[in-house]
Each structure stands twice: as structure tokens, then as C-alpha cells.
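Chemist: Given next are the chains, with one letter for each unit.
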Amino acid sequence: MSISLSHLTKRYGKDAVVDDVTVEIPESSLTAVLGPSGSGKSTLLKLIAGLERPDEGRVVIEGDDVTDVDPRHRDIGFCFQHYAPFRHMNVARNIGFGLRVRKQPKDIIDAKVAELIELVRLDGKAKSYPAQLSGGERQRMALARALAIEPRVLLLDEPFGALDALVRTELRQWVKELHRQIKVTTILVTHDQDEAMEVADQLLIMHEGRIEQSGEPTELYERPATEFVHGFLGPTTMFKGVSVRPHDLELVKPSEGAIEGTVQSVMELGFEVQVTVALSDGSTPWVQMSRNEFRNLDVDVNSPVSIRERV
Amino acid sequence: MNHTTRKWSLRLLVTLYLGLLVGLPVGYLFIKAFGNGFHAFWVEVTKPDAIAALKLSAEVALIAVPVNTVVGIGAALVLARRKFFGSRSLTLAFDIPVAVSPIIIGVALILAYSRIGWFGSWLSTHGIQVLFSPIGIVLATMAVSLPYVLRSVLPVLIEVGKDQEDAARTLGAGPFRTFWQVTLPAIRWGVLYGVTLTIARTLGEFGAVLVVSGNITGKTQTLPIYIFDAWDQNFDTIGAFAGAVVLASISIVALIILSTLRARERKLHVDLA
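Top to bottom, those sequences are chains L and R. If you count by the numbering used here, then the first sequence holds residues 147 to 457, one letter each, in order. If you count by the numbering used here, then the second sequence holds residues 93 to 365, one letter each, in order.
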């Protein structure tokens, strides 16, 4: 179901946390709202869910203007940053909550809960309490609880923020796979550009309450509309007075018609190597290269070297 | 001093301190009350005036505790979930009755509700007598036990946060279901703790009640006032001891029940996370 936001604004006192946001979110997409902390991305999500009321603007879901509709009637699945499990209910009762609210018959609820438990791979945990689950399991339970009501839209607030690195990568893949299966329009909020690039098919970059740019990840990466998007979506370095991607630069042996300098430092990060070069004009651009390229270059700290843009 | 010695001497110190302040006096009270045997104790507590006092105390508690529980939870919800102008002063207002001496509450109630006060004169022309009647006792008791539920529930509500309630809302739950099935279970220990304190204070209040009740034996005498009377006016020390034991036992039993329930809950891991 498509979501369209028009001139959405939310102020706390005088500050606009969400400032005149107008955007279309395509049906069945997996959209990542990406921005630094304090950029208003979580508030934007709460405005869509109705947990916050906008000062101006409209929220339209699938043609329905829901701006004045209470969150309980919006049919939105919302996953909170810290999952907000009902701690006094076991996994099965947590997942079935929305179905009990909808007064579904017990056998239908039981069947649906069992199906969801399998979907989110919590088999054998139906009777466990949230306190007995790991972070990743709690996260999946929260997802199942939100999916139980067959929402028109799924909203995930920093879904992987509180998990350790390994579980994080695993869950990202799983969420992507899940979205492929159920195709519900999903918006997730994150401050991690890798996460956003990896999971989402649409990006929405927020900065100081405004949308800087939206579109497909590669498009944004390759053709950033603003300096902020350019800087936020990947590493940058200053070369000849402009900001460029360090993997768009290369180092060559001296005197091959490039700018000469000396290697200032070398950082080896497994496959990737980052080499910082000191140039005569005082600037110190850094270059990102593969381990093999670095080997072939055969340089060390203080070696003379030339730098140029890759072609 | 090694670690173990330090640990044990610290425990000894705490035990000694508690013993001097609580254990010794209360223990002595129990010994004295049963000094002439259980029968003598039973005769004392079944005297008509003692029964009447116990009954009045129970009746007052039956009104004051539920009312203050509902008011306390309601106020805590409003103060925790809504920021508004004056919310801090409102919290403060709840604390005033326990911050000042109970005697001040009593005197203030007399001023407000006696026939010279404008409200009291209006009430008396409509045939409602507040002072020297059970109504006054209930008012005084509710005033001095006002903040306990609020104070126990408010920090729990703030700590639990709004997320679970918001989650219930997005899942379609209305305010009543959200309160009964999500909020109340999350704050139940705070509520129980507050209610226990309220019961203890309600049954135990002496100063404020004494001032407004007029101390009419068999009519407006609550259990603490009966004990005081037996001790001070009637030189009935055994009666005073017996009454005191009944009063103390109720509070002690309430505290034991609370901590047992809590320990069982902990064992189930339900409250952790």
C-alpha cells in the first residue's frame, strides 16, 4: 500500500523536528529512512503511525487520509526500537494480542499464532516470557506481533540498533527475505548507511527535519543531490579542493603525470587498505584500495607516490 | 579486617540497629500482650469498645484505601504521560499531607468544616455533619494517606515508559483494554506496594483523626485512638497492649504477603528483562 506524506510538520516548541516533509512511498517497497540522530526520522515514523500528531500536513495511506484517525484504527504494524514486548505475557500471547483485540475466534488465533511463530523462527518458544529471550528473538517476536494484524504498512524503528554485530547482519538478511515473501510496504528507520544500502530498495535521506533526497540506493550513491547526502552515504575525502569518494582515487608510481606526494599513513583493514597521502599543498587525501592493489604498489610510510582520479 | 569479617560485622551492626529500634520494642509489646495468657488477651480484644474501634478502623480503611488507590493511579498516569503547565506543583500538592504534621491536617479540616467555616456551615444547614463523625475520620485518613499510591506508581510508570501502551494502541487496543491488560500488569508491584503503605497508614493514623473525631468511645474511636485511650485515660495497659498487637499484626501480615508474592514473581523471571 502506498503512503503519501504532504507538508508534514511537527514542532516541539519552536523547533520543527519534522519540517515540511512531502514524499511518496511506493507500494510494496522496503524504504529506509536514513539520517543522523536528531534528524527527525523516528518522529516521522511516529507521525505515520499516528503516535504523534502533526502540526501541519497530511498522511495518506492507500488513498485514505488517516491524519485524524487514531493509531488503533490505522492498521499499521509498528516495531519499537526496544521492541516494547508485553513483559507479563508469553510469546504466544504477545503475538496474539492484536487478534484478541479484534475478537477473532480462539482456534483461528491459535492457528495464526502458530503460523507466525514458525515464520519468525521462534519454534518452541511459545510459552517463554520476553525476559527469557535473546535480543534477536525479542525483535522477531515484536515483528510477529506487528504482522499478526495483517497491517497495511509495517514500520520499524531502528530495528537492529540494539543488537550485536553478528545477529544484526543475520537479521538484516532475514528481514529482506521476509519482505520478499510478504510484500507489505515497509519503512525502516536507521542511522546506519550500510544497513540502509543493504536492506532497502528505496532510500529517504533526512537531515534536520527535512528530506534531502529520496530514490534508489545506487542512484543516491552515484548522484547525490546535496553535499550532505554525498557525505552521509559513504566515505569522502578532499582532493583538489573538492569532496570525492576515496575509492575514486588511485595511487601510482611517482612521475606518471599525477600529483606527487608522500605516504603519510597506511591502515590495513583486511581486504581493504586505506592510504593517506601528504601533498605539497598541505592537503592529505586518503585512498581506498584492495589488498592486491596495495601489494602491487609496494609502498610504505614516507615512500614517494603519485595520486590521481581513477578513470 | 578481611572480607568475611567485614561482611559479618556489617550485618551485625544493621541487625543491632534494627533490633534496638524495631525488634526489641515490638517484641516486648507482644510478650506483654500475651503476658497473662492468650485468654486474657482474647478478653481484651473482644471488649465491645475494642470491637467497635476495630470495626470503625476497618470501615474507614475500606473507603479510604480504594479511593486513594484509584486517585493515586489516575494522578500518576496523568503526571507520567502528559506534560502540562503546573504538573510539578500538582505532584507537590499530593505530598503536602504527609510532609506536614498530621495535627495540622486535623486542625485545618476543623477550620474548613466546622460551623464557622463557610463550607462547614453550608453542609450543616443541609444536615451533614463532618466533624466528630465517621465522615470527618474518613476525610482526615484519606488526606494523610493521599500520596502513597501515587509515589509508588509514578516512578514505575516513568521507568516502564510509554512504548508498551503505544504498541497496544497500534495493535488496535482502546484505552480501557490498554490500561487493564498492559499498563496495570506492568505497574502492579508499584500499586501493591503503594496500597500496602496506604493500608498501614490508614489503620495507623492517630493525630489527624484524634483532632476531627472528638474521641467518642464506641462511636468515633478508631483502633489507634482506642489504644491511646486505654493507655492514657483508663490505665488499661493490657488492653492497650492487646489493641497494639492487633494493629501491628495487620500491618506486618500485609508486608509479609507483599514480599512473598514478590519473591514468587521473581522466581518466574517474569519481572526481569
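Hints in this document: simulated from the structure, not taken from any laboratory. Don't take each hint at face value.
[What the hints assert, rightly or not] For lysine to any residue, the following SDA-like pairs were computed, each having C-alpha atoms within a straight-line distance of at most 20 Å:
1. R/Lys254 x L/His228
2. L/Lys386 x L/Thr430
3. L/Lys322 x L/Lys386
4. L/Lys249 x R/Gly266
[Said to hold, decoys possible] Label pairs and their in silico Cβ distance ranges:
5. L/Gly281 x R/Phe122: 43 to 53 Å
6. R/Ala191 x L/Gly281: 51 to 61 Å
7. L/Gly281 x R/Tyr120: 52 to 62 Å
8. L/Ala277 x R/Asn94: 30 to 40 Å
9. L/Gln227 x R/Phe176: 20 to 30 Å
10. L/Asp216 x R/Arg354: 50 to 60 Å
11. L/Gly184 x R/Pro158: 52 to 62 Å
[As the list claims (entries may be wrong)] Chain L residues, not near chain R, derived (Cβ > 12 Å throughout):
12. Pro172
13. Gly196
14. Arg326
15. Gln327
16. Pro450
Heads up, the beta-carbon is just placed ideally off N, CA and C, and yes, glycines get one too.
Chemist: Tell me the numbers of any earlier hints that the structure contravenes, in ascending order.
Modeler: When the structure is compared with the hints, numbers 3, 6, 10, 11 and 13 turn out to be violated.
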